[in-house]
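Sequence lines, in order, name chains H and U. Residues 2 to 290 in my numbering are what the first sequence lists, from first letter to last. Residues -1 to 318 in my numbering are what the second sequence lists, from first letter to last.
If you're looking for bench data, these hints aren't it; they were derived computationally from the structure. Predicted model, so just to flag it, every value in this text is computed and none were measured. Every residue gets a Cβ at the ideal spot worked out from N, C-alpha and C, and that includes glycine. Treat the hints with care, since some could be wrong.
Selected chain U positions facing chain H (Cβ under 7 Å, derived; list incomplete) [stated by the list, open to error]: (1) 102; (2) 108; (3) 278.
Read off the chains here:
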Amino acid sequence: MTSQYTATYSSRFDKATLSHWWRQIVAILRIEVSKNFWGRRALLLYLLALAPVVILFLLAIVDPDGASDISRDWNSAQLAFVNIYDALILRTVVFFGSAWIFMNLFRGEVVDRSLHYYFLAALRREVLVVAKYFAGMVAATTLFSFSTLGALFFLYYARGYPANVDFLLDGSGWQQIVAYEAITLLACLGYGAVFMFIGLFFRNPIIPALVVYGWEWLNFLLPPFLKKISIIHYLESHLPIPIDEGPFATIVAPTPVWISVPSLLLFTTLVLILTAVRIRRMEIRYGME
Amino acid sequence: MRVEPRSTDLIVFEDVSKFYGEILGVNRINLTIAPGITSLVGPNGSGKTTLMNLMTGLIQPTRGRISILGLTPTEPERLFQVVGYCGQFDSFPRGVTGYEFVSSFLRVHGYPRAKAEEKAWQAIERVGLVEAAQRRVAGYSKGMRQRIRLAQSIAHEPQVMILDEPLNGLDPMARAETIRLFRELAREGLHLIISSHILHEVDTMSDRVVLINNGYILAEGGVTGVREEIEDHPIQIMIRCDQPRELAARVFAAPHVVEAQLHPDRQGLFVKTTSPDEFFLMMNRLAIESSVVIESVTPVDDDLAAVYHYLIGSSGGGEA
Chain H
2 MTSQYTATYS SRFDKATLSH WWRQIVAILR IEVSKNFWGR RALLLYLLAL
52 APVVILFLLA IVDPDGASDI SRDWNSAQLA FVNIYDALIL RTVVFFGSAW
102 IFMNLFRGEV VDRSLHYYFL AALRREVLVV AKYFAGMVAA TTLFSFSTLG
152 ALFFLYYARG YPANVDFLLD GSGWQQIVAY EAITLLACLG YGAVFMFIGL
202 FFRNPIIPAL VVYGWEWLNF LLPPFLKKIS IIHYLESHLP IPIDEGPFAT
252 IVAPTPVWIS VPSLLLFTTL VLILTAVRIR RMEIRYGME
Chain U
-1 MRVEPRSTDL IVFEDVSKFY GEILGVNRIN LTIAPGITSL VGPNGSGKTT
49 LMNLMTGLIQ PTRGRISILG LTPTEPERLF QVVGYCGQFD SFPRGVTGYE
99 FVSSFLRVHG YPRAKAEEKA WQAIERVGLV EAAQRRVAGY SKGMRQRIRL
149 AQSIAHEPQV MILDEPLNGL DPMARAETIR LFRELAREGL HLIISSHILH
199 EVDTMSDRVV LINNGYILAE GGVTGVREEI EDHPIQIMIR CDQPRELAAR
249 VFAAPHVVEA QLHPDRQGLF VKTTSPDEFF LMMNRLAIES SVVIESVTPV
299 DDDLAAVYHY LIGSSGGGEA
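Excised from the complex, chain H in its bound form:
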């Protein structure tokens, strides 16, 4: 090879190789992040991410009784918000948003017939998987964190200035915000890995995605053992205010942070490894997709 840069490449995990991989990851991130934020597929994401903000804006600001209800009965307002967060943000916005972002990381490029450019670069396909996953995470966490934050902003705004300052500085306000944001991030992490895997393994990823959706949605009915084979269980374990899952729900103790976070990270790593194994054997046959 004529170049000193690619000539330094070796399969050993030495410093030069790691720095080479890092350069490649950064290069892919630049391309993918811009595609995720500005591509034609981004419009749906913006609409999804805006939905909870708009709903909270309507409930807390536009509805004439909304603001007074919130400031009068703050505990009920928080309880209402945790249910909105669980049903709307977590199970709908983050779930479908992650599905859209992560399934399209590879599937979208197959549809656009542009994946071969990556496959024709001096690039380990495992590095491509990691870089694409990072790019998906950047898009998902940015959009859905702002979405969560926007929804919380209108909830707090409706309560009024002095009460909020007290709540944020002396009460559990900051902890709640951090908890909601952390759950959103963990949701992107877990669902992202699942949907990248689905996008790569299935020619029509909609059906498996709906199966995952059904499984996650019906989680409250499952027996304790099965309940733990889901992402939503670990996420709901950390909600700042426990939610009532209804009279038919199976009651399972929340999983502590020191188990759930490493479990989600381990699960994500395993799924990424499987995805990397799959992509090493992947063929580009656009005409047959």
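Place chain U on chain H using the hints.
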């Protein structure tokens, strides 16, 4: 004394087969390719693209082994340090300019920013697209898109270039320029493997020809012995232009043009010529001097029997 090429200088197919389910892609391919320009010739669907995709690891063989300068296609991180592939996929990442397209994938190769920029401009200059480089690829003509893909595939200075129908869609001048570039690269010691279903292109640039049909290699060998045959035999060329009648009258005046026929849609014409070289020179002149706007000039002689007859059958130059 003749020096035998080392295996690390060669591209080797050992008993390679590829099936798409029940459908045969290529079967029992045994082939060794030395440096220089090698053309894969055969009609559409004969297995040329399958061979190229196998070489680059875009698809994997059902059976057999492939070695590119001693590397296997299952190691893209090593293979594409020495291989560049310009395929037929006419698609690009959305919204990119020509320059961004070339430089961003150089960075994916692992080049630092400054080096990627330098190499991108060098490659763009080589294909003659400097002026259009900052425009979006979506606004390029088919020929410009072809050339920017070529720039992207040569930008990292590979030792092996694999080019799938690289002259498709190019106007006569760009076609001549591109062939000149290929010759230049071959003189620099590169392997160029070029697929084509067009005889005239093959004749103009190849050192060696591999004739393929229905997934089997029918023959391989030099093309020098068949050059004269080709010159005697008329080839058919399709020209897309805005004034086909006027152009037909002008080209028919040339002694080497034996037939000129209007296309049924009245947007072009078919011409048969016994001297493709003279014909393409004449087209270059007409493109500059006349008021006719020529959109494309494409040889349409893709009949396998004719190819076989020209390259192998009548010359006896190949090793069938």
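Looking back at the numbered hints, which does the structure fail to meet, lowest number first? Going through the list in order, the structure violates hint 3 alone and respects the others.
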